[in-house]
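Student: Can you make the complete structure from the sequences, with help from the hints?
One line per chain: the protein sequences are R and D, in this order. Positions 991 to 1556 (the working numbering) are the ones given, in order, by the first sequence. Positions 203 to 346 (the working numbering) are the ones given, in order, by the second sequence.
Worth flagging that the hints you see were computed from the coordinates, not collected in a lab. Quick caveat, the model's predicted, so the values are computed rather than measured. For glycine and all other residues, C-beta sits at the position ideal for the given N, C-alpha and C. Misleading hints may appear alongside valid ones.
Okay, the calculated beta carbon distance ranges per label pair [as the list claims (entries may be wrong)]:
#1 R:Trp1440 / D:Asn253: 27 to 35 Å
#2 D:Asp321 / R:Tyr1349: 19 to 27 Å
#3 D:Thr208 / R:Asp1447: 30 to 38 Å
#4 R:Glu1024 / D:Asp259: 41 to 49 Å
#5 R:Gly1150 / D:Ser233: 32 to 40 Å
#6 R:Ile1151 / D:Pro277: 32 to 40 Å
#7 D:Asp321 / R:Pro1022: 30 to 38 Å
#8 D:Thr208 / R:Glu1525: 36 to 44 Å
#9 R:Asn1552 / D:Pro277: 26 to 34 Å
#10 R:Leu1391 / D:Thr208: 55 to 63 Å
#11 R:Phe1099 / D:Thr208: 23 to 31 Å
Chain R stretches covered by chain D per the calculated footprint, using a threshold of three residues with CB under 8 Å from any CB of chain D [as the list claims (entries may be wrong)]:
#12 1043-1049
#13 1237-1248
#14 1360-1374
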Amino acid sequence: MADNRSEKGSLYRNEALTEIEKAEDGWCKKYPQERERLDEFTTLSGLTVSPLYTPASTPNMDYLQDLGFPGEPPFIRGVYPTMYRGSTWTRRQLAGYGPPEETNKRYRFLLEAGAEGINGVFDYPTLRGYDSDDPVAFGDVGRGGVAVDTIEDMATLFKGIPIDQVSISLVTCQPICNISVQSMFFANAQTRNVPLEHLTGTSQNDFLMETVMSIAPDVSPPRVAFKLSCDAIEFCARNAGRWNPVSFAGYNYREAGCNAFQEIAFVMANALACIEEMLRRGLKIDDFAPRLSFFFSAHNDFFEEICKYRAARRLWSRLIRDRFKPENPRSQALRFHVQTAGVALTAQQPLNNIVRSAYHALSAALGGAQSVHVDGFDEALCTPTELSSLTALRTQQILQLETRITHTIDPLAGSYFMENLTNEMEKRIVGLLEEVDSRGGIVKTVEDGWIHRAISDSAYDYQKAVESGEMPVVGVNCHRLSEEPYKAEIFATPETLAVQEAKLKRLRVERSADQAQKALDDINRCCERDGNLMEVIVESVKARVSEGEISRTIRDFYGKWNPPLF
Amino acid sequence: MSHQKTLRILIAKPGLDGHDRGAKVVARALSNAGMEVIYSGLHQTPELIVNTAIDEDVDAIGLSILSGAHNTIFPRVMALLKEKGVSDILVFGGGTIPKKDWAPLEALGIGKIFTPGADTQEIVTYLQGTRISNTKYNRRIHGR
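Tutor: What follows is the structure in structure tokens.
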């Protein structure tokens, strides 16, 4: 064993390691295995966890190569030199429901309560590219997010909010939504005389959200969804340099069923494909790579999640360096937002979710997240109420102001267990990335349904583990109560459909029909010449064409696709 | 048992709500329990759901809703079934449906509602056990 080890750069002398291994063997022989609680101890994603870790668990660890310093490659210790000593992670609470007038009030409430950024979430029809008055939208208008049909709604949504100072995240999810909604946000900024170069924020814009997560018949074909996503990335690289044009939505992959390795491997495969496409379009890696951003989940396995973030940072740094040879080291820095895992929350005894989400948020903070959203405790029951939103924000503030976990950088580094687990996770992620590569890349695995099956299998395995009791869930498969001690208030979505219908009706009369038609024709012509659609749509929305009209134009041109359903 | 009874179930996601993990897991669990399962994917209008249910001659429709739109969508599905004279298809539900809404939904003739934390085996047992067996099943086995 010791012969294969290179002492050069290693933290340990071979001689010392051999001594430790010998002593560890002795300890293991005495270890009373029969007194253990479980037959096998594993992480949530299935890695074996040993009773004890020692220096022999990371025998070849080379400090300078493998860990290094914050703000420098491989960035495992953090993407900024000062991390939370400079500024703590951004408290970025998701909000959106009903008509834009109502959500505007929630945004102001959250900003006044100390939120530093806004995560604007859109209702289901907006996310799927339909207007509020589309027959298919019936029932869902104003639910799950705010309804936005036109640039007028966008103006209402951000009325009185300093969009040149507050960082705004547009949780557009799907490229078909993003291409319109981000364009409306940009066009509205121009109307308010805020130059696009001054805007800070993020749009989600992940093509897997349209083709793998939340799947429906007759959606955009994977290559089209991918193109729309890339159009926004390219547009921002050329026009809005401080905007993060994509947030690869590992969080949603995890919520859909992925385990921790799949979450990271699939976002990276997606991001690598976007990079290749940007290079093909003539951009240089340093023109856009520093603005690619990621979105991860914070799930139940505390240590696994921290190691997941650390492994992701180191792996990304090395992948970008080796494949694309950037000059700017920032191109190698993986920055990410975290949302606490909704799928881990329970409808039973909902106040327990406050505790769960606090642990999730702690893992995000110890893992070096750039911004965090904490879920409302009532999310397994309804859209978060004002009380649950406020409690979630306070959870973050308690972490930041009272616990002092922010005083030093990457505090768990150097733990034998943490470094071993980080290495193991990285290996598993690399293995999966290679598998996606060998199957022809991310777009191909979406087209042939391999990725759908992989995620569906993981989701089913998770459910089986809960139902067998192998995975304890307090209040669900153990420690149940026959009577709920706390009656959660159920959020009531304000009337939205009638409000939006009336606006659309008025707008279609008021706007110039010629200009609106010309705007849609421009989009169609852009499709024909395979141009960048965002360039055109940022202008089109000013003629007050609606999101549904834009999506229909794009869908009519490119056709539809039926994904494998389950 | 003279007949090996195979239940046909439509699991449908009405509307544009994107939360489909639960629906897919339930579809798979029912399928593993020996049922024939049709999963619709998202974007289903009540009309589409009812038509599919009739065309596919299903015994039950499971509607999964996590958007809060259940009070709008369930009644529409029930009304359409009634309009088409269908009385032998069981409609049951799943998703984030608050307890206070259960009774009004049950009054419309909707069967059991399964909320987050429900066991898939519970759903299997429910479908195997309830009124489905007497109506549609007999009709299918013994001729129309």
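Student: Does each hint hold? Answer for all of them.
Tutor: Hints and how they fare:
1. A C-beta distance of roughly 31 Å is found between Trp1440 of chain R and Asn253 of chain D, which places it inside the suggested range of 27 to 35 Å.
2. Between Asp321 of chain D and Tyr1349 of chain R the beta carbon distance is about 25 Å. The supplied range of 19 to 27 Å therefore holds.
3. A beta carbon spacing of about 24 Å between Thr208 of chain D and Asp1447 of chain R contradicts the range 30 to 38 Å that was offered as a hint.
4. Evaluation of the 41 to 49 Å hint for Glu1024 of chain R and Asp259 of chain D yields a failure: the beta carbon distance comes to about 56 Å.
5. The beta-carbon spacing between Gly1150 of chain R and Ser233 of chain D, approximately 52 Å, falls outside the hinted interval of 32 to 40 Å.
6. For the pair Ile1151 of chain R and Pro277 of chain D, the supplied restraint of 32 to 40 Å holds, since their beta-carbon distance comes to about 38 Å.
7. Between Asp321 of chain D and Pro1022 of chain R, the C-beta spacing of about 35 Å keeps the proposed range 30 to 38 Å intact.
8. The hinted range of 36 to 44 Å is not satisfied by Thr208 of chain D and Glu1525 of chain R, whose Cβ atoms lie roughly 55 Å apart.
9. Between Asn1552 of chain R and Pro277 of chain D the beta carbon distance is about 29 Å. The supplied range of 26 to 34 Å therefore holds.
10. Taken as a hint, the range 55 to 63 Å holds for the pair Leu1391 of chain R and Thr208 of chain D, whose Cβ atoms sit roughly 60 Å apart.
11. A hinted range of 23 to 31 Å for the beta carbons of Phe1099 of chain R and Thr208 of chain D is inconsistent with their spacing of about 53 Å.
12. With 0 residues carrying a beta carbon less than 8 Å from a beta carbon of chain D, the stretch 1043-1049 of chain R misses the three-residue requirement, and the given coverage is violated.
13. Residues of the stretch 1237-1248 of chain R lying with their CB closer than 8 Å to a CB of chain D number 3, which satisfies the three-residue condition for coverage.
14. Coverage of the stretch 1360-1374 of chain R by chain D holds in this model, with 4 residues showing a Cβ closer than 8 Å to a Cβ of that chain against a need of three.
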